[in-house]
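*Asks:* Each chain is listed here by its residues.
2 protein chains.
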Amino acid sequence: MQARQIRLANIYNAAAEIFCHKGYDATTLGEIAKAVNLTKAGLYHYFQTKEELLFSMVNYAMDLVDYHVIDPVRDIPDPRDRLRAMTANYVNLIMGNGGYLTRTIDESRRLQRTRSRRVQRRRRAFYDFVRGTIQEAKDLGALPDTNVSMATLSFFGIILYMAEWYRPTGALSRAEVAEQIVRITVDRMLLGEGRGLPHRLNFYELDKLRDARPNAAYTPHSGVRKRS
Amino acid sequence: MQARQIRLANIYNAAAEIFCHKGYDATTLGEIAKAVNLTKAGLYHYFQTKEELLFSMVNYAMDLVDYHVIDPVRDIPDPRDRLRAMTANYVNLIMGNGGYLTRTIDESRRLQRTRSRRVQRRRRAFYDFVRGTIQEAKDLGALPDTNVSMATLSFFGIILYMAEWYRPTGALSRAEVAEQIVRITVDRMLLGEGRGLPHRLNFYELDKLRDARPNAAYTPHSGVRKRS
Numbered sequence: 000m001q002a003r004q005i006r007l008a009n010i011y012n013a014a015a016e017i018f019c020h021k022g023y024d025a026t027t028l029g030e031i032a033k034a035v036n037l038t039k040a041g042l043y044h045y046f047q048t049k050e051e052l053l054f055s056m057v058n059y060a061m062d063l064v065d066y067h068v069i070d071p072v073r074d075i076p077d078p079r080d081r082l083r084a085m086t087a088n089y090v091n092l093i094m095g096n097g098g099y100l101t102r103t104i105d106e107s108r109r110l111q112r113t114r115s116r117r118v119q120r121r122r123r124a125f126y127d128f129v130r131g132t133i134q135e136a137k138d139l140g141a142l143p144d145t146n147v148s149m150a151t152l153s154f155f156g157i158i159l160y161m162a163e164w165y166r167p168t169g170a171l172s173r174a175e176v177a178e179q180i181v182r183i184t185v186d187r188m189l190l191g192e193g194r195g196l197p198h199r200l201n202f203y204e205l206d207k208l209r210d211a212r213p214n215a216a217y218t219p220h221s222g223v224r225k226r227s
Numbered sequence: 000m001q002a003r004q005i006r007l008a009n010i011y012n013a014a015a016e017i018f019c020h021k022g023y024d025a026t027t028l029g030e031i032a033k034a035v036n037l038t039k040a041g042l043y044h045y046f047q048t049k050e051e052l053l054f055s056m057v058n059y060a061m062d063l064v065d066y067h068v069i070d071p072v073r074d075i076p077d078p079r080d081r082l083r084a085m086t087a088n089y090v091n092l093i094m095g096n097g098g099y100l101t102r103t104i105d106e107s108r109r110l111q112r113t114r115s116r117r118v119q120r121r122r123r124a125f126y127d128f129v130r131g132t133i134q135e136a137k138d139l140g141a142l143p144d145t146n147v148s149m150a151t152l153s154f155f156g157i158i159l160y161m162a163e164w165y166r167p168t169g170a171l172s173r174a175e176v177a178e179q180i181v182r183i184t185v186d187r188m189l190l191g192e193g194r195g196l197p198h199r200l201n202f203y204e205l206d207k208l209r210d211a212r213p214n215a216a217y218t219p220h221s222g223v224r225k226r227s
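Going down the list, the protein sequences come from chains F and H. For the first sequence, position 55 matches number 54 in numbering that gives the first Met the number 0, and the numbering has no gaps at all. For the second sequence, position 21 matches number 20 in numbering that gives the first Met the number 0, and the numbering has no gaps at all.
Treat each hint with caution, since some may be false.
On the chain H side, residues computed to face chain F include the following (Cβ under 10 Å) [what the hints assert, rightly or not]: (1) 22; (2) 25; (3) 154; (4) 157; (5) 164; (6) 168; (7) 171; (8) 173; (9) 183; (10) 189; (11) 191.
Just so you know, the hints here were simulated from the structure itself, not pulled from any lab data. C-beta: ideal position from N, C-alpha, C; glycine also.
Chain F extracted, bound-state conformation:
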């Protein structure tokens, strides 16, 4: 089973990268098979159609978010600490193998209607979790005169755009990028503590993630199952 999960993760990552460079429509299953050293028949063993592959990989991407971003922070009582840890986790996922996969989620409008709706529900649950945490911070006095939905959308705008610009070969290390984005997004934009209150980041979640090897395959707990 573990070997199958690793192979699937390889397929998802390769397909995501090709989709981002060539576009979903212009990519064939044959090209994806070639990129992961499978025959076309070998890939058909896992997915009968490109749309089925897309649905499965988008669910995998959302599984990664649940597993690496949300689940580890759910029980942090202070919403401000929860925001910091969640942001560090999310940024780390994007800088790891999650960047291409994250961008692929946008293609879910190409899915069949019921599948597209299912993906939308999962994205909505993630949005609601982030929005709820920001609302809790506002209830503690953060974000005066600021609309919580706008703040939440701005949060996602910053992080999702990272999937477009982040390169591992950039001038800043991964830890420095994460620290800057937490400072900009949480401490400045959401909590307004940027001035005069240099906040020492707690990187415990980030370190835990590194130990968990985010590039290794992760067994989805709610992805599609292949029809048997």
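Starting from the structure of chain F, add chain H where the hints point.
*Replies:* Coordinates of chain H only, in the frame set by chain F:
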């Protein structure tokens, strides 16, 4: 000439909307012609290929940025006021007809290499203008311990994501959305004045823009010219 510009703007806007919904690769020139009530031959009169149309419309989108976002603020001496006005202008452009066009700029990687490079240079010039203004604000004491490039990319992340989520039918009016985004992006994230210093927005640029009818056709000063 004016009629030609209006017709071109209509083609760009219709094509951008179709590209966003169907994807660039899956869209045909025939579909675009139909959307603007032209025959296929009528559209060919303007563009021989889809790639030529894409190049022309991306340049038009960048023209809109120059004309509506950058040019009106160039001479504002205080970088903080320049940031506020520029952000209000940019948000207003995205909420107008600029949303689909902005998203289409991402497709410029499908262009021929020399054309793609030309678009990249224009995007880079815009980025450099924003980054330079943020650097000036930092020199005045804003953004302690914050990397200016990261702050600039975060700025673009928030605004570009608006093109994905903004709907004219949303709960907030256009002016309210603009005010919120300026507060979140500039006053909180970049200048850190969100707490205790409610900043009254100066909407002079926004009002000027409304008068200038951003939905009307704009004569590009650096777009492609049709080969004669």
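*Asks:* Run every hint past the structure and note whether it holds.
*Replies:* Hints, verified against the model:
Restraint check, residue 22 (chain H) versus chain F: the minimum CB separation of about 5 Å is within 10 Å; hint holds. Evaluation of the residue 25 (chain H) hint against chain F yields a held restraint, the C-beta minimum of about 5 Å falling below 10 Å. With a least beta-carbon distance of about 9 Å to chain F, the hint placing residue 154 (chain H) at the interface is held under the 10 Å criterion. Given the 10 Å rule on beta carbons, the hint for residue 157 (chain H) holds: about 4 Å separates it from the nearest Cβ of chain F.
Residue-level restraint check for residue 164 (chain H) holds (minimum Cβ-Cβ distance to chain F is 6 Å; threshold 10 Å). For residue 168 (chain H), the interface hint is violated, the least distance from its beta-carbon to any beta-carbon of chain F being 14 Å, above 10 Å. Because the beta carbon of residue 171 (chain H) sits about 7 Å from the nearest beta carbon in chain F, less than 10 Å, this interface hint is met. The restraint placing residue 173 (chain H) at the interface with chain F is violated, with a minimum CB-CB distance near 13 Å, outside the 10 Å limit.
Satisfaction of the interface hint for residue 183 (chain H) is found here, the shortest Cβ-Cβ separation to chain F being roughly 5 Å, below the 10 Å cut-off. The interface hint given for residue 189 (chain H) is met, as the beta carbon of that residue sits about 8 Å from the closest beta carbon of chain F, less than 10 Å. Residue-level restraint check for residue 191 (chain H) holds (minimum Cβ-Cβ distance to chain F is 4 Å; threshold 10 Å).
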